[in-house]
Structure formats: structure tokens, C-alpha cells
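We have chain A already, so just place chain B on it with the hints.
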Amino acid sequence: MTEGVALLVSGLAQAFDPTTLGLCLAGVLLGTLVGVLPGLGPVATIALLLPITFSLPTAGALIMLAGIYYGAQYGSSTTAILLRVPGEASGVVTAQEGYRLAQAGRGGPALGIAALASLVGGVLSALALAVVMIPLARWSVTIGPAETACLMVLGIAAAVALTRGSLTANWALAAFGALLGLIGTDVAGGHPRFTFGIPELRDGIGFIPLAMGLFGVAELIRALGAREQDSPPLSATSAWPTRADLTSALAPAVRGGVIGTAVGLLPGASTLLAALAAQASERGLFRRHGAWGHGEMAGVAAPEAANNAAAQSSFAPLLALGLPANAVMAVIAGAMVLQGVAPGPAVVTHHPELIGAIIASLLLGNGMLVVLNLPLVGLWVAVLRVPLRWLAAFVVVVSCGGLWISTGSAVDLWLLLAFSLLGWALLRAGMDATPVLTGFVLAPPFEEALRRTLVLARGDWGVFLESPLSATLLVATVGVTGIAVWRTHWSVSLRPSGNCK
Amino acid sequence: MRYLQVIRVRVRNWTRSAVVVPLVLAALGGAAGVIATSLPMLARNGTPASGFMPALLAGFLTVLGLAAAVAALARRPDPPDRAPGLGSRDIPQRQEVRAGLALCLAVGLFAALAPAAGLLPAAGVAAVVCLVATEEARPATVALGALTLMVITALLFRGLLGSAVPLFGAR
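Residue numbers (the working numbering), protein chains in the order written: chain A, 1 to 501; chain B, 1001 to 1171.
Isolated chain A (complex conformation) (with noise of 0.2 Å):
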């Protein structure tokens, strides 16, 4: 506890470096923005700006990354609530009542209320975040490679059973992006994998190409190919809730903040789980009061508090433990690496300071998403109706300079070319290409685990299921495979038959 609170005040004095502010505020500010238009999320938008956070430095490029993810959240619940068009994901879950509210007439109010929601779901979040990550990390040090080892399946396993889409799919894709992990020399024996005999090749192939085609290029096909929403009426109403609205609020606030702080630490959840999870808890304990699909307060409050937590509390499972728990995380461990900084335990060992950075950077970056996004409102929707084509040319072109001015080798342009296609091949098949990423990040330390494992036990596999928390955590990844097998059986059970009219 002392120390999670030496960790928030070094933080804190760091975080309030101009240049460290500045980052912050872009991060939201761009958060917000990607989060207002529907079609290009924050995995993209993160993915797309990696080039540019070559200069800046370590603790800057990850507040800015991660202000643009939560920032994303709350802009999500702008147009959510607006326009019924949410930016991303978790927005689905705030529109349902957020919407009414606004057909109400109450759209302000409901700004407001998601804004403060947001806010003390970060809140939160962040305490949690500060409490948490040392013992976190202190306890992932004492493990050895066998765990690590059997960590990181559960991680895979985690991350391809709550991916939508087919299961057997979803694993296919996560071992062809396991496969790419692995081009390149391998460390251990020096033997050239998959290079075909391309010298850029023998470094692996980079994670930027990898990440901006499938998600970014992909997404901007998705968004452009889409017709266009037509441009809604907007009436600029007040912001400010009332008191009443604050009154009924401020409890579903803080349950969806603990709630959403608590699915972000899982690896492999989403914001979209943890904002369901909140709205279920909530109509499950007021079922019979408030005005639930006529228009809830506590409707947009208890999802936007828990989205928000739970994009801020994913971090954990990311710095403590090297796991990303999804999309976005695995994104930003990218950046990490690319910054010389792996993500896992030795992170908060050795970097403290930038793990306490990050925490307080969540911290005021929250406040900042208050102050400035209510006013800001007419803006984000004036936006939305800037034609996407010429987002996507200024997306693109922005895009290859920047890996073209970064890596100086055209190589990558192709890559990301073969990357983009196959992104859009994936969006057409309606596969998601999370499992590819989760893959990609995962395989090269899971190989290095599993061969330090079996150099130490001489050969022995059965050195798995000796340790109990390697075996306790084969049999959760034999848990989590087995409910998702589950879970597609029961929904497909569940779906009438095609003959049915």
C-alpha cells in the first residue's frame, strides 16, 4: 500500500512535466477524436501513430498511447449518445439508454454524467492500478520459465476464446501470427527462418507494418466502403446535470468502476465485456426502479465508468506479467519494445518510474477528458461530417512517411501493403485479427520460456505439470478453451433454424 503510494506520488511529479502534459493532453485529445468517428478505433489510430513515437521519449510515447485509448472511451459515448453511432466497442452498451435519454431531450445531461462516470471509473482504476502493480509484479518475478511458459498459452488462449468469430478460426490466426513472430535469426540456434534470403528479413519482421495493415488500412477500407451516415440534427443543449442526475449516478459510477477495474485486469477481457458486465449488474439490482429503455441515467454511468476502468486497469496484466490483454495492449507492447523498454515484471522492477508516470498520467488525463471534452461537443460532431476519404488519404500518406522516414527501408512498405490485404481479406471473411497480433507478440518469448524450461528439466515435458501453478494454469487454459467450445454450442444451439420464417 506504501508503496503503491510512493509510486503515485513520483508519478505525479513526473506526469506534471510540461512536455509529459502536452503528450497527455494530445493523447486524449486524439482519444477523443478517434473515439468520435466511427470506423477508425484506437488499436488503428495507435498502430498508425507508432512511427511518430520513435522521438519522443519512453514515458511520453506510452502516456500518449494510452491517453488515446481511454480518451476513445469517452469520445465513444459522444456520439454513442448523440447519434447512436458509437465510435467504438463498449459505446454499444451507453447508447442503448444514453440515446433515449437524448431523444428526451436529455442529451447534455448525459454528456455530463458519461464524462463524470468516466471519470470516476479512471479514478479508481488508477488507485487500483497503483495499489496493484508492484505485488503484481513482485509475485510474477518468483515464477519460472515453465510458468511463464504456461502463462502465456492461458494468455493466447484467453485472448482467442473472447475474440468474436469462430473459435477454430480465431486459433488458426493466432498460430499464422505466431508463425510471423518467428521469421527472422533464431537467437538460440542462429538459423534463418522464413528470411527467403531478404537481409531485412533477418531481424523478423516489425510489428509496425503488422499492426497498421491489419488493423489501420483495414479498417479504413471498412469505414470508407460503408455508406455514409447521414448528417443527424444536433440541438447544443446544456451539459450540466442536475442534481438529481448527479444523486442517481454516483453509485451505478462507482459500481461500474469497480466492476470495469476488475475485467481490465484479466487478460485477454475488453472494454466491451467490462461495460456489458456493469449494465447486467445494474438492471439486475434495479431491475424494478428507474426507467430502464425509456431513457436510465444510471444506464450511460454504470458502462462508461467501467469501459473507462477497464481500459486503464488492462495495463496491469501488461506491465506486470508482459500480457497483453488485447488489441490495443498489444499494440502498446509493441511500442514498448520498440522504445527498448519489454513489457513484463522486470518493467516495474527496473523502470518504477515510468510504470508511477503512467499512473498518475491517468490520473490527470481523466481531468483533463472532463474539462475539456463537455465544452467540446459541437466540435466532435462537426467533425463527423468531414468527408472520410479525405481522412483516409491524410491517414495513409501520413502513415507510409512515416514508416518510410522511420525505418528507411521499403521492405516494410511491402510488408505493409501484404499486411493491408490481408487485413481486408480478414474483414471480408469477418474474422477479427486480434489473434494474429496476441500470436505475433507472444510466440517469440513463449519459445524462449518453453526451450529455458526444458534445458533446465533435461528434456522433460512432464515438468509442466509438476510445478502447481503451471499446472493450475494449463488447467485454465483448458477451462477457458472448454467454456468458449461451450459458448459457441450454446449460441449456436440457441440460433432458429435456417428453415424457420
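Mixed in with the good hints, there may be bad ones.
Said to hold, decoys possible - Part of the chain B face toward chain A, derived, beta carbon under 8 Å:
#1 1025
#2 1064
#3 1108
#4 1131
#5 1133
#6 1137
#7 1147
#8 1151
#9 1153
#10 1168
To be verified - A partial selection of chain A residues facing chain B, derived with a Cβ cut-off under 7 Å:
#11 164
#12 176
#13 191
#14 195
#15 197
#16 389
#17 417
#18 428
#19 461
#20 465
#21 468
#22 476
#23 478
To be verified - Over the 10 Å line for every Cβ pair with chain B, so calculated as not near, a few chain A residues:
#24 58
#25 168
#26 193
#27 202
#28 376
#29 402
#30 447
#31 472
Note that these hints are calculated values from the structure, not bench results.
These figures come from a predicted structure and were not determined experimentally.
Note that CB positions come from ideal geometry on N, CA and C, so glycine has one too.
What follows is chain B alone, placed relative to chain A:
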């Protein structure tokens, strides 16, 4: 013959991508498996060598890719809204194909032009191609947009980030 016809019909409709993509992944897995067999599988102490993980993953990918393709074929697709060519679903699909081709072409042209002609010609050509990604593009707007983006590119990468990359000509 009847089974072939069923497969042909199902492959023609909207599930085609859901079948083809896993098949391509399976083929890539097979190819990776063949390449991986040329690498050493186990070290002397019985621990995995360079080819072990790639071979294992390639095997997984082949099996899972085939299984996913079969599962996609077995799924009964939703009936289309209307007949092909007349349905409301056709317009977004046509727009998506146009957008996809334009954006991928833009990236490819940038990759081809940047090393030989420099940053600004590559940015200009890529911008033009992106701006015609949707049907409502007009020549004057496209030209103006491309010029604006070239200026922004120069200001961003040379002015703000201080990159030494040549604006015109080979690196």
C-alpha cells in the same frame, strides 16, 4: 456430384471469403511446414531446436485452417436480401472493393515511388489514389487535396520531425 454442387453453391455466396481465407491460411501453414522440415528439430539434449516451433505451428495452422474452412462450408448462410446485382448489399460491397483497391494501390505506389522519386512525389500519388477511393471524387478537389497533403507531409516530416529523408529524388 451433388456434394460438389452444394459446395459450389455455398462457395459462390457471401460465405466465400470465410472459406477461402482459412484455406489460404492452411496452404501457408503447409508451405511453412515444408520449409520448417529443413531446419533442425531437436538439439542433442532433447530440447527444441530452430525448426521445432515453426513445424509445430505450421502443423496447427494447416489443421485448424482446414477445419475452419470446413466449418464455414457447413454453416448455413443467411439468405441474401435480394438477387445478386440488385440487392441493397451490393452498393456497400462495391464501395468497399473500390476503397480497398484504392488504399492498397496507394500503399503499393508509395512503396514503389518513395525509394526512387522521394517523399513528396510518393505522397502526392498516394493521396490522389486515396482521394478517388469513393465515387464522389472530382478532379479539381482531388488535385487540391493531393497538393495540400504534399505540403502537410513536407511540413510534418521535414519541418516538425526534422527528418533528413529527401523530398525529391532517390535516397
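Consistency of the hints with the structure:
Hint status for residue 1025 of chain B: holds, given a least beta-carbon distance of 5 Å to chain A, under 8 Å. Hint on residue 1064 of chain B holds. Least Cβ distance to chain A is approximately 4 Å, under the 8 Å limit. The criterion of a C-beta within 8 Å of any C-beta in chain A is met by residue 1108 of chain B, whose closest approach is roughly 5 Å, and the hint holds. Look at residue 1131 of chain B: its Cβ gets to within about 5 Å of chain A, closer than 8 Å, so that hint holds up.
Contact between residue 1133 of chain B and chain A, as hinted, is supported at the beta carbon level, the nearest pair being about 5 Å apart and thus within 8 Å. Taken as an interface hint, residue 1137 of chain B checks out: its beta carbon lies about 7 Å from the nearest beta carbon of chain A, inside 8 Å. The interface hint given for residue 1147 of chain B is violated, since its Cβ lies 12 Å from the closest Cβ of chain A, which is over the 8 Å cut-off. A cut of 8 Å between beta carbons decides the hint on residue 1151 of chain B: the least distance to chain A is about 11 Å, and the hint is violated.
A distance limit of 8 Å between C-beta atoms decides the matter here; for residue 1153 of chain B the minimum to chain A is near 5 Å, and the interface restraint holds. Violation of the interface hint for residue 1168 of chain B is found here, the shortest Cβ-Cβ separation to chain A being roughly 14 Å, above the 8 Å cut-off. Here the hint on residue 164 of chain A is broken, as its CB sits about 13 Å from the closest CB of chain B, past 7 Å. For residue 176 of chain A, the shortest C-beta to C-beta distance to chain B is roughly 6 Å, which falls under 7 Å, so the interface hint holds.
For the restraint placing residue 191 of chain A at the interface with chain B, the shortest Cβ-Cβ distance is roughly 4 Å, inside the 7 Å limit, so the hint holds. At a threshold of 7 Å, the smallest CB-CB gap from residue 195 of chain A to chain B is about 10 Å, leaving the interface hint violated. At about 12 Å, the closest approach between the beta carbon of residue 197 of chain A and any beta carbon in chain B exceeds 7 Å, and the interface hint on this residue is violated. At its closest, the beta carbon of residue 389 of chain A sits 5 Å from a beta carbon of chain B; the interface hint therefore holds under the 7 Å criterion.
Taking 7 Å as the C-beta cut-off, the interface hint given for residue 417 of chain A holds, the closest approach to chain B being about 5 Å. Taken as an interface hint, residue 428 of chain A checks out: its beta carbon lies about 4 Å from the nearest beta carbon of chain B, inside 7 Å. The interface hint given for residue 461 of chain A is broken, as the beta carbon of that residue sits about 9 Å from the closest beta carbon of chain B, more than 7 Å. Taking 7 Å as the C-beta cut-off, the interface hint given for residue 465 of chain A is violated, the closest approach to chain B being about 17 Å.
Here the hint on residue 468 of chain A is broken, as its CB sits about 24 Å from the closest CB of chain B, past 7 Å. With 7 Å as the threshold, the beta carbon of residue 476 of chain A stays out of range of chain B, its nearest partner Cβ sitting at about 20 Å, so the hint is violated. Taking 7 Å as the C-beta cut-off, the interface hint given for residue 478 of chain A is violated, the closest approach to chain B being about 16 Å. The beta carbon of residue 58 of chain A is kept farther than 10 Å from every beta carbon of chain B, the shortest such distance being approximately 17 Å.
Its beta-carbon lying about 4 Å from the closest one in chain B, residue 168 of chain A breaks the requirement of being farther than 10 Å from that chain. Taking the minimum C-beta to C-beta distance to chain B, about 6 Å, the non-interface status of residue 193 of chain A is violated against the 10 Å cut. At roughly 14 Å, the least C-beta separation between residue 202 of chain A and chain B is larger than 10 Å, which holds for a residue marked as non-interface. Separation of residue 376 of chain A from chain B is adequate, the least Cβ-Cβ distance of about 23 Å exceeding the 10 Å criterion.
Not every Cβ of chain B is farther than 10 Å from the Cβ of residue 402 of chain A; the closest lies at roughly 8 Å, contradicting the non-interface assignment. Distance check on residue 447 of chain A: its Cβ comes as close as 5 Å (rounded) to a Cβ of chain B, failing to clear the 10 Å threshold; non-interface status is violated. For residue 472 of chain A, the condition that its CB be more than 10 Å from all CB atoms of chain B holds, with the nearest at approximately 23 Å.
Checked against the numbered hints given earlier, this structure breaks hints 7, 8, 10, 11, 14, 15, 19, 20, 21, 22, 23, 25, 26, 29, 30; the rest are met.
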